[in-house]
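Those sequence lines, one after another, are chains H and A.
Sequential numbering from 1 applies to the first sequence in full-length UniProt numbering.
Sequential numbering from 1 applies to the second sequence in full-length UniProt numbering.
In short, the hints are calculated from the structure, not lab data.
Fair warning: this is a prediction, and the values are worked out from it, not measured in the lab.
The beta-carbon is built from N, C-alpha and C at its ideal position, and this holds for glycine as well.
Any given hint could turn out to be false.
Claimed, not checked - Far from chain H, some chain A residues (derived; all Cβ distances over 10 Å): (1) Val8; (2) Ile19; (3) Ala25; (4) Arg26; (5) Trp32; (6) Ser55; (7) Thr98; (8) Leu103; (9) Pro106; (10) Val107; (11) Phe137; (12) His145; (13) Leu183; (14) Pro187; (15) Met200; (16) Val235.
What the hints assert, rightly or not - Per the computed footprint, the stretches of chain H lying under chain A, defined by three or more beta-carbons under 8 Å from a beta-carbon of chain A, are: (17) 53 to 60; (18) 93 to 103; (19) 107 to 116.
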Amino acid sequence: MQPVISIEGLTKTYKSGLQALKPIDLTIRKGEIFALLGPNGAGKTTLISVVCGIVTPTTGTIVADGHDIQTEYRQARSKIGLVPQELTTDAFETVLATVTFSRGLFGKAPDPKHIESVLRELSLWEKRNDKIMTLSGGMKRRVMIAKALSHEPDILFLDEPTAGVDVELRRDMWNLVRRLREQGVTIILTTHYIEEAEEMADRVGVILKGELILVEEKTALMKKLGKKTLTLNLQDPLQTVPPELAEWNVTLKNEGHELEYVFDSNLEKTGVPSLLRKLSDLGIAFKDLNTSQSSLEDIFVSLVHRDTGAAA
Amino acid sequence: MNSQSSRVPAFNGYGVWAIYKFEMARALRTIWQSVVTPVITTALYFVVFGSAIGSRMTEIDGVPYGAFIVPGLIMLSLFTQSIFNASFGIYFPKFTGTIYELLSAPVSPLEIVIAYVGAAATKSAALGLIILATAAFFVPLQVLHPIEMLAFLILISTTFSLFGFIIGIWANGFEQLQMIPMLVVTPLTFLGGSFYSIDMLPPAWRTVTLFNPVVYLISGFRWTFYGSGDVGIGVSLAATFGFLLICLLIVGWMFRTGYRLKN
Numbered sequence: 001m002q003p004v005i006s007i008e009g010l011t012k013t014y015k016s017g018l019q020a021l022k023p024i025d026l027t028i029r030k031g032e033i034f035a036l037l038g039p040n041g042a043g044k045t046t047l048i049s050v051v052c053g054i055v056t057p058t059t060g061t062i063v064a065d066g067h068d069i070q071t072e073y074r075q076a077r078s079k080i081g082l083v084p085q086e087l088t089t090d091a092f093e094t095v096l097a098t099v100t101f102s103r104g105l106f107g108k109a110p111d112p113k114h115i116e117s118v119l120r121e122l123s124l125w126e127k128r129n130d131k132i133m134t135l136s137g138g139m140k141r142r143v144m145i146a147k148a149l150s151h152e153p154d155i156l157f158l159d160e161p162t163a164g165v166d167v168e169l170r171r172d173m174w175n176l177v178r179r180l181r182e183q184g185v186t187i188i189l190t191t192h193y194i195e196e197a198e199e200m201a202d203r204v205g206v207i208l209k210g211e212l213i214l215v216e217e218k219t220a221l222m223k224k225l226g227k228k229t230l231t232l233n234l235q236d237p238l239q240t241v242p243p244e245l246a247e248w249n250v251t252l253k254n255e256g257h258e259l260e261y262v263f264d265s266n267l268e269k270t271g272v273p274s275l276l277r278k279l280s281d282l283g284i285a286f287k288d289l290n291t292s293q294s295s296l297e298d299i300f301v302s303l304v305h306r307d308t309g310a311a312a
Numbered sequence: 001m002n003s004q005s006s007r008v009p010a011f012n013g014y015g016v017w018a019i020y021k022f023e024m025a026r027a028l029r030t031i032w033q034s035v036v037t038p039v040i041t042t043a044l045y046f047v048v049f050g051s052a053i054g055s056r057m058t059e060i061d062g063v064p065y066g067a068f069i070v071p072g073l074i075m076l077s078l079f080t081q082s083i084f085n086a087s088f089g090i091y092f093p094k095f096t097g098t099i100y101e102l103l104s105a106p107v108s109p110l111e112i113v114i115a116y117v118g119a120a121a122t123k124s125a126a127l128g129l130i131i132l133a134t135a136a137f138f139v140p141l142q143v144l145h146p147i148e149m150l151a152f153l154i155l156i157s158t159t160f161s162l163f164g165f166i167i168g169i170w171a172n173g174f175e176q177l178q179m180i181p182m183l184v185v186t187p188l189t190f191l192g193g194s195f196y197s198i199d200m201l202p203p204a205w206r207t208v209t210l211f212n213p214v215v216y217l218i219s220g221f222r223w224t225f226y227g228s229g230d231v232g233i234g235v236s237l238a239a240t241f242g243f244l245l246i247c248l249l250i251v252g253w254m255f256r257t258g259y260r261l262k263n
């Protein structure tokens, strides 16, 4: 697939001496939704800020839509829309004025029709003549998205788009992102909500302490690291795990009412049938059972732990 | 790729216009602060210095005292308002964080300067003309060289707006924003011959005063009104352009290094 952003050897060391980004190489494909995952302070925002021109890279080159972001910043930036994490708006401006301003700033001729459709899509049209300071936090977030979409970008950066927003807005946002993808817009979002990446992303990159430790197709990632958990609701609670079950490494949960077995669903032998046979041999009865796929969050946590464990 | 590149013009006129309009709208929202306050302040100067004290003063260079102080008073407002407007215009987005949009937009440093400084200069020049009209109510006015007067007004507005823009980028807090206008510009203006001709000073002080750059600006502006100044008009113009050039160099350096704009 065609690359739309190529990052090569990017590093950023702040004046304070903090190395926010260790050498990063990353290619974003045209039309994909890429989720950049990582804990707070991992370097997600720095990475986005460098691509968007807000932070100057220490070393490395970035090409966006065929244009170097430093030497051909005009061409590169006019293709990019950014919704930053912080809710920073011009409090005294009206919604319509601020979104129209953004379109002009990005060098596009006025297009009231487009502005109207953006505002309608984000449920802002009724509020277009309201001053931004009178809006709720969620509405302000919508205004910032409208500003980023005002100039019809081909590449959209969403930095923590759903941090602190309500369920309705989050759902709206996900729908909007899907619609934009259908229009061919490439979307890069950062998040520390795993469910967001899981719900929307095609590919996931995990960034930790300024290092991109993993870039993978979301489905492949989940398959590769996918653990399943079998939970058995016991008829009678157990005080301790019977020694006969030692080879399955099961644990007791919920004051002995639940027995948990974690297995790798990709293995030929999952150990589930043999465990169930053993239980019936031992006369341990259960009322119910269920299995659950480990979420990206579990994968992420295990990755982070593995990494910090290795470093320590 | 080439067909796409050609859609991006070499000069982002829409961007400049958007910032300019934004800045002008801000002035209209704060019309009391931007226009009414300086006009009232200036009117008070005319009442006190022009009418109350001025009537007891002799003419200076054949000009009644009330009329003599008009160019100086306009300059005083022009300096402070240009600096205030331009510094606030760029400092406020830095303060609130909305500057992210400016930094991520396809606008060049030159375009940013043209838009912000242009808007601030427009406001100051308009204010200068309003104060001039106000002055006409209080004192008999004459403008010998109206075209030069206008040109000088615009030149000074632009130069000090540029200076204000630099202060706005440099400032790390509201206190610093006020510091230069209050502690440097206002004293230099008061001591730069706003209210007197430097010929009225003892010779030693006159020499000291000649080191005050504001003297040259006020003198040049006064020349456009009455055909005479403390120094020659050529010297005044050279001093003004010199200051403009210094400001341009500083702004250029700030954008090249990302000074206090980018990390």
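Here is what the structure says about each hint:
no.: 1; hint: Val8; in the structure: 5 Å, violated
no.: 2; hint: Ile19; in the structure: 7 Å, violated
no.: 3; hint: Ala25; in the structure: 7 Å, violated
no.: 4; hint: Arg26; in the structure: 8 Å, violated
no.: 5; hint: Trp32; in the structure: 14 Å, holds
no.: 6; hint: Ser55; in the structure: 45 Å, holds
no.: 7; hint: Thr98; in the structure: 5 Å, violated
no.: 8; hint: Leu103; in the structure: 5 Å, violated
no.: 9; hint: Pro106; in the structure: 4 Å, violated
no.: 10; hint: Val107; in the structure: 7 Å, violated
no.: 11; hint: Phe137; in the structure: 33 Å, holds
no.: 12; hint: His145; in the structure: 38 Å, holds
no.: 13; hint: Leu183; in the structure: 28 Å, holds
no.: 14; hint: Pro187; in the structure: 33 Å, holds
no.: 15; hint: Met200; in the structure: 47 Å, holds
no.: 16; hint: Val235; in the structure: 41 Å, holds
no.: 17; hint: 53 to 60; in the structure: holds (count 4)
no.: 18; hint: 93 to 103; in the structure: holds (count 6)
no.: 19; hint: 107 to 116; in the structure: holds (count 4)
Going down the numbered hints, you'll see the structure goes against 1, 2, 3, 4, 7, 8, 9, 10, while the others check out.
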